[in-house]
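Protein chains: 2
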Amino acid sequence: MADYKDLDAKVIKLSKQVVRMCTAAGSGHPSSSLGIIHLVTALMYRQMRYEPQNPWNTGADRLVLSEGHAVPAVYAAYCELGGVVGTEDAPSELSFDDAMSLREGDSVLDGHPNPAIGMPFFDAATGSLGQGLSVAAGLAAAARLDQSDAKFFCIIGDGESREGQMWEAVDFIVEQKLSAVRPIISANGQGQSGYVSDQQSTETLAKKLGAYGCEVRVIDGHNWDEIIEALSAEAGEKPVAVVAKTVKGWGVGALQSCDSHGKPLGEDQLDAAMADLDAKAEQLGVAGAEDADAAQLTAPAPVTRPTGEEISAGSFAEACAAAGQNKAYETKTMATRVAWGVALRAMGADERIVATDGDVQGSTYTNMFAKAYADRFLEAKIAEQNMISMAAGLAAAGRIAVATSFGKFIARAYDQVEMAAVSHANVKMMGSHTGVSLGADGPSQMGLCDLAFFRSFAHTKRVDGQPMIRVLAPSDAVSTFKLTHLMLNLDGMCYMRTQRPGVPFLYEDDEDFSLDGFKHLIDGEDICIVASGYMVHEAKKACQVLEEKAGLSASLVDAYALPLATDEILRIGDDCRGQILVVEDNYAGGFADEIAAAAATSDLGVMAESMCVEHTPKSGKTPEEILTMVNLTADDIATKAQSMFDRSEG
Amino acid sequence: MADYKDLDAKVIKLSKQVVRMCTAAGSGHPSSSLGIIHLVTALMYRQMRYEPQNPWNTGADRLVLSEGHAVPAVYAAYCELGGVVGTEDAPSELSFDDAMSLREGDSVLDGHPNPAIGMPFFDAATGSLGQGLSVAAGLAAAARLDQSDAKFFCIIGDGESREGQMWEAVDFIVEQKLSAVRPIISANGQGQSGYVSDQQSTETLAKKLGAYGCEVRVIDGHNWDEIIEALSAEAGEKPVAVVAKTVKGWGVGALQSCDSHGKPLGEDQLDAAMADLDAKAEQLGVAGAEDADAAQLTAPAPVTRPTGEEISAGSFAEACAAAGQNKAYETKTMATRVAWGVALRAMGADERIVATDGDVQGSTYTNMFAKAYADRFLEAKIAEQNMISMAAGLAAAGRIAVATSFGKFIARAYDQVEMAAVSHANVKMMGSHTGVSLGADGPSQMGLCDLAFFRSFAHTKRVDGQPMIRVLAPSDAVSTFKLTHLMLNLDGMCYMRTQRPGVPFLYEDDEDFSLDGFKHLIDGEDICIVASGYMVHEAKKACQVLEEKAGLSASLVDAYALPLATDEILRIGDDCRGQILVVEDNYAGGFADEIAAAAATSDLGVMAESMCVEHTPKSGKTPEEILTMVNLTADDIATKAQSMFDRSEG
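So the sequence lines, in the order shown, correspond to chains C and S.
Once you know that position 521 of the first sequence is 528 in the working numbering, the rest is easy, because the numbers rise by one and skip nothing.
Once you know that position 107 of the second sequence is 114 in the working numbering, the rest is easy, because the numbers rise by one and skip nothing.
These are calculated hints, taken from the structure and not from any lab test.
It is possible that part of the hints are untrue.
Any copy will do: because identical chains look the same in the list, a pair fits if it lies in one copy or spans two.
Claimed, not checked - Heads up, simulated DSSO-like pairs for lysine-lysine below, C-alpha to C-alpha not over 27 Å straight-line:
(1) Lys548 / Lys287
(2) Lys548 / Lys628
(3) Lys287 / Lys12
(4) Lys270 / Lys339
(5) Lys334 / Lys647
(6) Lys184 / Lys378
(7) Lys468 / Lys647
(8) Lys214 / Lys245
(9) Lys184 / Lys214
(10) Lys526 / Lys12
(11) Lys270 / Lys526
(12) Lys628 / Lys468
(13) Lys378 / Lys526
(14) Lys214 / Lys252
(15) Lys556 / Lys270
(16) Lys334 / Lys548
(17) Lys12 / Lys214
(18) Lys270 / Lys287
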């Protein structure tokens, strides 16, 4: 049996710091943190091959703390090790005392792991539970492509392992043979509200992991021999999963009761806690040895990740030919989802791009990429939450991660989308079958609230001033191709929405697009119609109806981006008797509100009315039948535009 | 071995109809439907105790078709049985031929199960996969309360069972010993994009279900003896789960290849398909017997569900006393989340109310209800997706289902929320810890995009004209209490958002509130400030600053509902020099857009500016520190208001 007195002593030092830092913060989760203190110490002082002074080493092992609220344990260790934070251009080294800045407004030691504010030890923001193992899976998938032998440790709470996403991740890891991932469940048996369910007991967790295809080690999470053996065990094709029996509040009596979750000790309880830990030190024979060096770390060689300049698009015509879409190109009619496939395939040669899809690649047309670049395609199956967090892991490893599904099913992962956005993950999402035009399948397959959700993030800025998420809503195949190009070259998260039916081309191959742009398709003076995506085509027909039936000349704007350059649109509206009609095939909260919000703060006095899907749709056989149901046909649009014109007259 | 020739003959008849109806629709999933045709026939003609002519029988067994795209099988059977659709007031009986109306605009046979449009055989809209078992769990939990011995069959696809939510549901069912639920996985081995993963093979599924604590039957899904035995097996405390090996496209050669998912046969393929099925009939010795009666159904006795008139609130003072919150009541300071707990406890005596929470009941204060009415509280643990769909099941069984968590974590289940809304489920959600005021925990715990998401549904009408979801955002304890009262008495889905910190009372106990309302708290004339939730308090301070520092008299409006009665707010703004400043602690897409959208369509020419959270927050120690970071302090508000006033001056 090895001698681990140095680690014992370090655990005492770190435990004391964990307790103190939470008390100083006045919040935090010291009991959860102490539960994983041995696991964290073993990993960060011994097991992980990494450099605390260079968290950007591309060959390093990584720790994903899925149980994000237990982060004080990691902070205490990282500070004690003099870990580096900030950016690669402006790094700074932490001191032991810096741990006491936990949760302060100007500290990188956020309440939960948050890499985007300058904590590069972490790859993803966690704290919304159950997501970390998916991130680790993405990191490992990227490492495999990089021919790295790095390992990816992921600490998960037992209560947390109730989240279904974790099991989606286990399926993915086993299926993809990503044995570099080592899930470690800290089974302390306590939740926020009482005890953890028997469904998440040590025994049941071990059984489940075994049934999923893992090799399982059940260990004492405070026993060094067992920990080191479990962390260092070589995995074959089967991933090794560790269930560690831990004690919530290890070493501190006042933190061990079932109602101590998420509660720091008061100042008046600190002495007793320190005395508890001193007694532990005494018992372990390490009193007074807390400051001895315990780190035995190996710096791995960095791996070379693919880099590149701007991804080139080539011409849309060539891309169509290469994808076998010559006929569609010649007839100038193609669904935007097909154009997505054509574009991704055409630009997919760039080694940085890795794509994933949720068992709908034949419908999203991501299969065009999957066939051409099979080594960089990961089939995520019907598990959207894992897909999105896994993509965030790919992105954290330097990849341009592309994730696609029906827009409706991406909603399944909106929380994961938000966490990826908080992490500044370079993930490009494409949601197909949005709006009502898919028709026959009905509301369970239609992406309708997507614009409202994503617009919220389009107007929230990251630390670097960029939108958390940009939205792109192309109306035809050419713009889909061009916007895919812009999106792939952008460093930031994007959501593109496409539709099912074929639509005629609106643009020539040489048209240029911008990330916040729109196109003024028809110049008129009586009313300005702003439409998006599929509805641009319906609005174009409406313009014709208005001209033919009422002699009205309508302006038509194709709005394809959020945030949107609204100033110029308001000016176009101002030139059209101050009347703008916004037409969308989604629920409220999208482009109409984008323009209304601008109109309501502008001196121009432009009116902005909205036509969108105002009641829950049902199935209908054709796009036309559904548009009739939801009052969004060309005639409906023309009627509304006429009434706005009449009002402006009167 | 029993003689099942009548069922064999019926399967041939139904299979032919399934093929025909999908071809007529020009879309649909005939291959998946034929895979479950024996399971569906066994259930609907033999096993289920129900009345096709009275789908509202409260004691009946239920079928939840989680694999929603396989619904043509169920429709074919229900039509053949003369099943009743429509409403209880206006029922109508289907004929066999009605199946051919699949997916038509005026048909209740929607592309996926959709009870809200008049298909009462179903309890919930499905089609976004992985949700059905949770619905069945909710139905079974309600049935237990009703002392019903009904059974709840749930058919799930093998590919679908990759969704983590399904395993959350299995955990819940096993933990709660809801053995009335019988999960039936149709394992046909094919997905949309190729074969189903080995992780979802028959063997692995059986292992997983066993590890979760089910008693597992692996059967041939086209063998009557095995089906009937598995469906009728008595379960003890352990639920019986069935893994049925099925053949996708059973009986029809052209539908059995791996690329036939979701593709109807062409008209020109129908003859061959019918010939295939005729050959099957021949082989089974049932040629020509298709129309013989095969149904052997038992009508169960209805159970009595709790009913009631309006739920009474009592006084807030009494409610506080009963909940041990006298001190907070006396000091007139209480967090809205605490007032939620007080309210739910006070109104919770009504037997219709059943509540659930995702292991944060100590933070949401739903624990006040849980303690008082333990028999009507279901701890959902850390599994929000199951929680919401399970609540939809409770609601489908006539309960007022209450589901609570942090607002951030309800985002985990936004797809489930949407499906519940499509189902017209009477679910009341409360999201706590919204906005930035929770402070120290950081962005992973803050509900920030919730208003944008839910507002989208607030402006979408159900079949009955009601909003799909209403939003309530109370600013103080009294309004929380009153709005909880309104919410519980409403037949419809609601989302209430509350905050963590204590705030002073703004209202007296006898104040009245309405579902689309607001309160004009301060009457002024220089600028109108509209605020919501926690920000009403900050805005109130801003009004004071404006008065003291600049001599400006500001109007203050507490906007607490979406959809919102904006006309009157615009009039107040009009009286305040046409200037409205909307202040929120969420990302864009909430109240500011609600008012801007109204302003942009109004002749009043009111300007509406927005202050909201415009960059990703991080941790800070106090609400004040975070508000400073995101530029939302009283001083920030006053400065902005002053600049708007100055602009209006000209």
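Lys548 and Lys628: within-copy, between-copy, both or neither at 27 Å Cα: within (21 Å within a copy, 56 Å between copies)
Same-copy or cross-copy closeness of Lys556 to Lys270 [CA-CA at most 27 Å]: Neither. Shortest intra-copy (70 Å) and inter-copy (41 Å) distances fail the 27 Å Cα cut-off.
Homo-oligomer pair classification [Lys214, Lys12; C-alpha up to 27 Å]: neither (33 Å within a copy, 42 Å between copies)
Up to 27 Å CA-CA - Lys526 versus Lys270, copy category: neither (55 Å within a copy, 37 Å between copies)
Within, between, both or neither: Lys334, Lys548 at alpha-carbon 27 Å: within (25 Å within a copy, 65 Å between copies)
Within, between, both or neither, where Lys270 and Lys287 count as close if Cα-Cα is 27 Å or less: Close inside one copy (22 Å), not across copies (67 Å); limit 27 Å.
Alpha-carbon proximity between Lys468 and Lys647, which holds within one copy, between copies, both or neither at 27 Å: Between. Shortest inter-copy distance 19 Å satisfies the 27 Å Cα cut-off; intra-copy 36 Å does not.
Within, between, both or neither, where Lys214 and Lys245 count as close if Cα-Cα is 27 Å or less: both (15 Å within a copy, 16 Å between copies)
Alpha-carbon proximity context of Lys270 and Lys339, limit 27 Å: between (63 Å within a copy, 25 Å between copies)
Lys628 and Lys468: within-copy, between-copy, both or neither at 27 Å Cα: Between copies only: 22 Å across chains, 41 Å inside a chain, cut-off 27 Å.
Same-copy or cross-copy closeness of Lys526 to Lys12 [CA-CA at most 27 Å]: Answer is neither; intra-copy 69 Å and inter-copy 65 Å both fail.
Within, between, both or neither: Lys214, Lys252 at alpha-carbon 27 Å: For Lys214 and Lys252, both the intra-copy (15 Å) and inter-copy (24 Å) Cα distances are at most 27 Å.
Violated hints, in rising order: 1, 5, 10, 11, 13, 15 and 17; the structure is consistent with all others.
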